[in-house]
Amino acid sequence: MKKKIHIFDESPLKPGKWALEILNIVTNLINMFPKLAEGFLKDPEAVVQPFIKIYKFYVEPFILPFLAYYTHFWTYVARGLTMVLHILYNLYKQLM
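Heads up, the sequence shown is in our numbering, so the first residue is 3 and it goes up one at a time.
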């Protein structure tokens, strides 16, 4: 007689309380706004469009210049750090 062995690997991360609360909130929102839920099911990307417009209008103009000059910023930081280290090294040499 052969016995079958079943091995179950449990996930170390258990959703628990938070997952149930989020699911409860989503369920309540769907029940409160059924027309919006139907629209979301028809076109899920429509929900994200207002956030994309807000991002493009308010956030993107500040992030792109920052990213463009990010490398220049670290170049100046490296130069400043090099200068400070040279000054400290020369002071150390003169004092010793």
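Some hints here could point you the wrong way.
Using C-beta positions, here's what the derived DEER-type ranges look like [claimed, not checked]:
hint, residue 1, residue 2, range
1, Leu-43, Glu-23, 35 to 45 Å
2, Pro-36, Glu-62, 52 to 62 Å
3, Val-49, Thr-73, 48 to 58 Å
4, Thr-73, Lys-37, 44 to 54 Å
5, Lys-4, Tyr-57, 52 to 62 Å
6, Glu-47, Tyr-72, 25 to 35 Å
7, Ile-56, Lys-16, 47 to 57 Å
8, Leu-93, Val-61, 41 to 51 Å
9, Glu-12, Thr-77, 20 to 30 Å
10, Ile-89, Leu-66, 27 to 37 Å
11, His-88, Val-49, 32 to 42 Å
12, Ala-48, Arg-81, 41 to 51 Å
These aren't lab readings, by the way, just hints derived from the structure by calculation. Please read all numbers here as calculations on a predicted model, not as lab measurements. All residues carry an ideal CB built from backbone N, CA and C; glycine is no exception.
Cβ separation of Ile-56 and Lys-16, checked against the hinted range 47 to 57 Å: Given range 47 to 57 Å: violated, Cβ gap about 35 Å.
Status of the given 35 to 45 Å range, CB of Glu-23 versus CB of Leu-43: The hinted range 35 to 45 Å is violated for Leu-43 and Glu-23, with Cβ atoms some 23 Å apart.
Cβ separation of Val-49 and Thr-73, checked against the hinted range 48 to 58 Å: Once the Cβ atoms are compared, 36 Å apart, the range 48 to 58 Å for Thr-73 and Val-49 is violated.
C-beta pair Glu-47, Tyr-72: status relative to the range 25 to 35 Å that was hinted: Hint holds: Cβ distance 30 Å, inside 25 to 35 Å.
Verdict for His-88, Val-49 (Cβ pair) under range 32 to 42 Å: violated (56 Å)
Supplied distance hint 27 to 37 Å, evaluated on CB atoms of Ile-89 and Leu-66: Once the Cβ atoms are compared, 36 Å apart, the range 27 to 37 Å for Leu-66 and Ile-89 holds.
Range agreement (Cβ of Val-61 with Cβ of Leu-93, hint 41 to 51 Å): holds (45 Å)
Range hint compliance [Cβ, Ala-48 to Arg-81, 41 to 51 Å]: The hinted range 41 to 51 Å holds for Ala-48 and Arg-81, with Cβ atoms some 49 Å apart.
Pairwise beta carbon distance, Pro-36 to Glu-62, judged against the given window 52 to 62 Å: For Pro-36 and Glu-62 the Cβ distance comes to about 34 Å; the hint is violated.
Consistency of beta-carbon spacing, Thr-77 to Glu-12, with hint 20 to 30 Å: violated (50 Å)
Outcome for the supplied range 52 to 62 Å, where the beta carbon pair is Lys-4 and Tyr-57: For Lys-4 and Tyr-57 the Cβ distance comes to about 60 Å; the hint holds.
Outcome for the supplied range 44 to 54 Å, where the beta carbon pair is Thr-73 and Lys-37: Because 49 Å falls inside the window, the suggested range holds.
Hints 1, 2, 3, 7, 9 and 11 from the list above are not met by this structure, while the remaining hints are.
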